Amino acid sequence: MWLYFLKRLGLAVIVVLIVIAVLFVMTYAIPGDPARVALGPRASEELVAEFRERIGLDRPILVQMGNFYLSLFQGDLGRDAISGEPVLRILLSQFPDTLYLVLGAVIVAVVPGILLGIMAARHRGSLLDRVTSVISVSVMSVPAFVIAIYLLLVFSIQLGWFPAIGAGEGFWDKLHRLVLPSLALGLAWIGYVARILRASILEEMNESHVRTARAFGLPENRIMYDYVLRIAILPTITVLGIGIGHMLSGAVFAEIVFARPGIGKLVFDAIISRNYPLVTGAVLLTTVFFVFVNLLADLLIAWLDPRVRHDLAG
Amino acid sequence: MTLPAEPDVTPPRPLKKPRAKGSFARLVSDPLGALGLILIAITVLGACFAFLSPWEPNALNPLDRFQGPSAAHWLGTDNLGRDLLTRVLYGAQIALTLSIGATAVALVIGVAAGLIAGYGPRWLDNLLLLIFDALKSVPTVMLALVLVTITGPSVWAVLLVVVIINAPAYGRMARTQTLAVRNAEFIDAERALGASGAWIAIRHVLPNILGPILIVAAMDIPVVVGIEAGMSFLGLGVRPPTPSWGSILFDGFSYIRESPWPVIAGGLPIIITTLGFTFLGEALRDTFDPKIAGRK
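Same order as they appear, the protein sequences are chains C and Z.
Per this note's numbering, residue 1 is the first one in the first sequence, and the count goes up by one each step.
Per this note's numbering, residue 1 is the first one in the second sequence, and the count goes up by one each step.
Mixed in with the good hints there might be a few duds.
Examples of chain Z residues lying across from chain C (beta carbon under 7 Å, computed) [unchecked claim]:
{"no.": "1", "residue": "Leu-135"}
{"no.": "2", "residue": "Ser-137"}
{"no.": "3", "residue": "Pro-153"}
{"no.": "4", "residue": "Val-155"}
Restricting the straight-line Cα-Cα distance to at most 25 Å, the calculated cross-link-like pairs of lysine to aspartate or glutamate (DMTMM-like) are [claimed, not checked]:
{"no.": "5", "chain 1": "C", "residue 1": "Lys-7", "chain 2": "C", "residue 2": "Asp-269"}
{"no.": "6", "chain 1": "C", "residue 1": "Lys-174", "chain 2": "C", "residue 2": "Asp-298"}
{"no.": "7", "chain 1": "Z", "residue 1": "Lys-136", "chain 2": "Z", "residue 2": "Asp-125"}
{"no.": "8", "chain 1": "C", "residue 1": "Lys-7", "chain 2": "Z", "residue 2": "Asp-133"}
{"no.": "9", "chain 1": "Z", "residue 1": "Lys-136", "chain 2": "C", "residue 2": "Asp-298"}
{"no.": "10", "chain 1": "C", "residue 1": "Lys-7", "chain 2": "C", "residue 2": "Asp-305"}
{"no.": "11", "chain 1": "C", "residue 1": "Lys-7", "chain 2": "Z", "residue 2": "Asp-125"}
{"no.": "12", "chain 1": "Z", "residue 1": "Lys-136", "chain 2": "Z", "residue 2": "Asp-30"}
None of these hints come from the bench; they were simulated from the model.
All values reported here derive from a predicted model rather than from experimental measurement.
The beta-carbon is built from N, C-alpha and C at its ideal position, and this holds for glycine as well.
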């Protein structure tokens, strides 16, 4: 188990290191001199030279890369090119709003997804199963930003049931404003959860321990909830692990359409204003979160599933 | 995006290669497949016959702005008085060309890398696997945003994003399939006859691994349509005034309180096309993949 944990952690660390290297290279790949880009076209040559020296652009590239890694590991993501505030502080101030959004989307995905998955598996081959399958496929394929705009059009603009912009003040107002963006972001994942759960329940139903339970005359409901679902739910955790990462980066659309504050909106505005330290910081934070959630999902499965635990120990 | 494979719950069946005509008949007899084909046909025909429209896609007509559907403008007009149906039809040309083209490029690069990984030396295999995994671990939208920071908004940026997102998945599939056939007897026989590695890989391994990857690629087309529209919506893809579905949607979104029609017109073709390709992809997979066919 420990060996598996270390291996998985090692891969996650390697991925993060590669992403940091790519982000470092990115600052060089951007057309133009980074100092010139940061200071603007009207800055004098002396000012540019002083800036280059101050942020270390005049040193050898490998030294710069080493310093880049070093400062990141000390939690220093640089300073915002426009306001001069530490990037980390700006990101952390916006992160909670994005997390609430992702949490809302997870609830939207999980509750109907699990219900649909169980229903489809219990009535395999029936009209209900077929309809569930078509609904799952349909919501999976339509891009989240199209759903977001249509929800905005119908429920905010036409019906006026939900506010169109902002994150709100106070618990109930925040919750009210969270409904449509969460729905837009989570809707597609209802399909993923329902499909994977249906397939996984059907596989589990064929297992001998379920047949034995049935032979003992246990009621179907008890077999489903006490025996089948406990194991069948595990792949759903993997899907959610991947889903949370994708929702986090997909939040940019929901945040733009519903004019909410958050990491996605922040990084989009930073790109438009060519505020590169903020772009680099936001991408790094999102990627680390993405890798971490996937790692957590894998480890959770290894911990929850006695079979996986046993295989890993052996 | 890569999700864990759904477990196979079908008892093994004897493999039977479907005949081309029978397969098509089966595809059409599946209601989902038939509906998918109809939806795709609507998009393709719209793209092909866009020139029949009496309006120019970029012709401004400020006096007619924010018109609802009428005999003259079937889907209404946008904030600059441009005919929305015409723009949507020309947008279909861009969406289809770009999504099929970008998927094809990603497929060629991914399969080539997968063949090299599966058939080449061990160290190269490990290196390519690490690259595939690292690329898979980066959130898609963030990756697109970073790339556009470097390249600037353009059609090429969309192409690059699609290749980087999709090629690793095809590469991984091609590698797994290559490993499965590389020690088959007919490959050993070729090797004994003195055929070179590259010849064996292209002439014998490739045809054996391509089928399932092509189905996955077909199922990725709606995702690519979404990526193109999404990037254009954010102003990072196709540049205005070229009528991309994403930019039509963004124009409509900016004036959503003035008129709902631009948003409806921009979103509908995206929904029709993504649903069409997804339904067809599902039906294709059920028809051609004997492991999954018959599960329902």
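Report the numbers of all earlier hints that the structure fails to satisfy, in ascending order.
1, 3, 4, 5, 6, 12
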